[in-house]
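So the protein lines, in turn, are chains P and B.
Take 113 as the starting number for the first sequence in this note's numbering and just add one per residue.
Take 118 as the starting number for the second sequence in this note's numbering and just add one per residue.
Calculated from the structure, these hints are not laboratory results.
One or more hints might be untrue.
[Stated by the list, open to error] Which chain P residues face chain B? A few, computed with CB under 7 angstroms, are given here:
no. : residue
1   : PRO142
2   : ARG241
3   : ALA243
4   : ALA252
[Said to hold, decoys possible] Which chain P residues stay away from chain B? Per the calculated CB distances, all over 12 angstroms, these:
no. : residue
5   : TRP146
6   : PRO169
7   : PHE212
8   : ILE229
9   : LEU234
10  : LEU240
11  : SER250
12  : VAL251
13  : LYS257
14  : PRO286
15  : LEU326
Every residue, glycine too, gets a C-beta built ideally from N, C-alpha and C.
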Amino acid sequence: MLTPSDLAAIWLTLKLATVTTVLLLLIGTPIAWWLARTRSWWKGPVGAVVALPIVLPPTVIGFYLLLVMGPDGVVGRFTEWAGIGLLPFTFWGLVVASVFYSMPFVVQPIQNAFEAIGERPLEAAATLRAAPLDAFFSVAVPLAKPGFITATILGFAHTVGEFGVVLMIGGNIPEKTRVVSVQIYDHVEALEYTQAHWLAGGMLAFSFLVLLALYTLNPTGRRK
Amino acid sequence: MSIAAQFRLGYPGFALDVDLDLPGRGVTAVFGQSGCGKTTLLRCIAGLERSAGRLSINGDTWQDAGAFVATHRRPLGYVFQDARLFAHLDVAGNLDYGRRRAGPGPAADRAAIVDLLGLGPLLDRLPERLSGGEQQRVAIARALLTAPRLLLLDEPLAALDLARKQEILPYLERLRDELDIPVIYVSHAAEEVARLADHLVVMDGGRAVAQGPLAETLARIDLPIRLGEDAGAVFAATVAERDAEWHLARVEFDGGELWVRDSGVPVGRRVRVRILARDVSIANSRHDDVSIMNLLPATVVAHAGEDHPSVVLLQLRVGGTTLLARLTRRSAQRLDLAPGREVWVQIKAVALIG
Numbered sequence: 113m114l115t116p117s118d119l120a121a122i123w124l125t126l127k128l129a130t131v132t133t134v135l136l137l138l139i140g141t142p143i144a145w146w147l148a149r150t151r152s153w154w155k156g157p158v159g160a161v162v163a164l165p166i167v168l169p170p171t172v173i174g175f176y177l178l179l180v181m182g183p184d185g186v187v188g189r190f191t192e193w194a195g196i197g198l199l200p201f202t203f204w205g206l207v208v209a210s211v212f213y214s215m216p217f218v219v220q221p222i223q224n225a226f227e228a229i230g231e232r233p234l235e236a237a238a239t240l241r242a243a244p245l246d247a248f249f250s251v252a253v254p255l256a257k258p259g260f261i262t263a264t265i266l267g268f269a270h271t272v273g274e275f276g277v278v279l280m281i282g283g284n285i286p287e288k289t290r291v292v293s294v295q296i297y298d299h300v301e302a303l304e305y306t307q308a309h310w311l312a313g314g315m316l317a318f319s320f321l322v323l324l325a326l327y328t329l330n331p332t333g334r335r336k
Numbered sequence: 118m119s120i121a122a123q124f125r126l127g128y129p130g131f132a133l134d135v136d137l138d139l140p141g142r143g144v145t146a147v148f149g150q151s152g153c154g155k156t157t158l159l160r161c162i163a164g165l166e167r168s169a170g171r172l173s174i175n176g177d178t179w180q181d182a183g184a185f186v187a188t189h190r191r192p193l194g195y196v197f198q199d200a201r202l203f204a205h206l207d208v209a210g211n212l213d214y215g216r217r218r219a220g221p222g223p224a225a226d227r228a229a230i231v232d233l234l235g236l237g238p239l240l241d242r243l244p245e246r247l248s249g250g251e252q253q254r255v256a257i258a259r260a261l262l263t264a265p266r267l268l269l270l271d272e273p274l275a276a277l278d279l280a281r282k283q284e285i286l287p288y289l290e291r292l293r294d295e296l297d298i299p300v301i302y303v304s305h306a307a308e309e310v311a312r313l314a315d316h317l318v319v320m321d322g323g324r325a326v327a328q329g330p331l332a333e334t335l336a337r338i339d340l341p342i343r344l345g346e347d348a349g350a351v352f353a354a355t356v357a358e359r360d361a362e363w364h365l366a367r368v369e370f371d372g373g374e375l376w377v378r379d380s381g382v383p384v385g386r387r388v389r390v391r392i393l394a395r396d397v398s399i400a401n402s403r404h405d406d407v408s409i410m411n412l413l414p415a416t417v418v419a420h421a422g423e424d425h426p427s428v429v430l431l432q433l434r435v436g437g438t439t440l441l442a443r444l445t446r447r448s449a450q451r452l453d454l455a456p457g458r459e460v461w462v463q464i465k466a467v468a469l470i471g
């Protein structure tokens, strides 16, 4: 069965994924909105940066984040100056890394949804006296609901599944940075296969259920 | 009370350059072929398109050299060709969307507008469960419920089939008769224009090539755009008599009287009459041995060529009314139909339109 340290790892993983997903919806929505509607030259470069985590090995992202957030990095100097201390090997360091790592999985579905809506309903809203921000919340967001559901599920699940970035940024500190994927790694290293099975099987079931929910509750085709 | 609009806008391959002075009440039709810039003009009036120019509506400036009022601050109603209902709201939600945001001032009478457009049974339906005609009626009601001071209609019937058009036209006619705000109606269908408009702007290649009262402008034969089969005259008349035996009605107009099919319009009612140029033929003397019922004395005013070199368009005066006749160039020459000539017009078909 699950040991107290397994339970701590599960709790930490859920906390990390929840905080990351909430932050990503707040940060990713304006980015997705901008990417969906801008005609700026910057659309290409910004879109490419957002998509980088899809193709980069997690160790590469982790390595650079470690440098940037470390004592000699730009962000590290700022956090030390601000009295927060250094982020690597803390929970909030993991959150920052996860936000970068899971960004495309949240931004892209929302961006696609906004692009599919197009300009037309928003023009109609403007002729019905809705100011731009009002039209965003009363028309664009409700119409993009399927995109937001997909983004939330994918962002959460992808954060739960991360390993390489966590090892680079967070190390393996119980109850602070030791998430489920790292805990499984530890069990296997220690040849505790039964323990590893409980967690790994749990992750497998969790991932399957998440994707099942995604594909049945939120079909990409026409609404019935 | 008037609408002054001046816009200049250039895209690659298209330029809009108009200077319009429209009446501040009644229905103004903006008529022209696809691509002539009529929708762009409407978008400029709504502020959906930014162009250089000036716009004032019955004394309120919406755009000039230094100011541009954003669309959501303009008290207008806009009906798009494709309805653009909000898919996530039911009909009632769509209707209330603009109404709730309309701001201070006298609120629109929701019950009256729902009734006017026959939406009572549809209120809890989602847009995807509505027919095209129903969607367009909801869109019109949604625009009216913002209590607009100007109503813009962008080909509201163009996306509908003939049956749906016939379903909506009576609603639009009631609208014309009951609204006291100016309406700008963009269309490329001559029949809709003849039925609904009081004032006409004809556009071609991004420019307004003619503007004026409907009857006067339709009767012009010097316009660069040709209506072909749709060319004809529209004028007002009054129903004077209904003949029960032959199911005919007699209407009087400024220039004489016409017998038309009795469509149940009561005696004394003002009606709009349309006579297509292709239904008018000319004789130099009165012939009573023909099947045609409506024979009227007329004077030739002018003539102009048509698209095909065999055809001419003749402008005729019947009392205070102008008619158009389309005939072959050969006939025109054989009958010697020069301006000033007294002739008889034989009218094969007369349509009462609204």
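Review point. Which of the stated hints cannot be reconciled with the structure, identified by number in ascending sequence?
Key: 1, 4, 8, 9, 10, 11, 12 and 13
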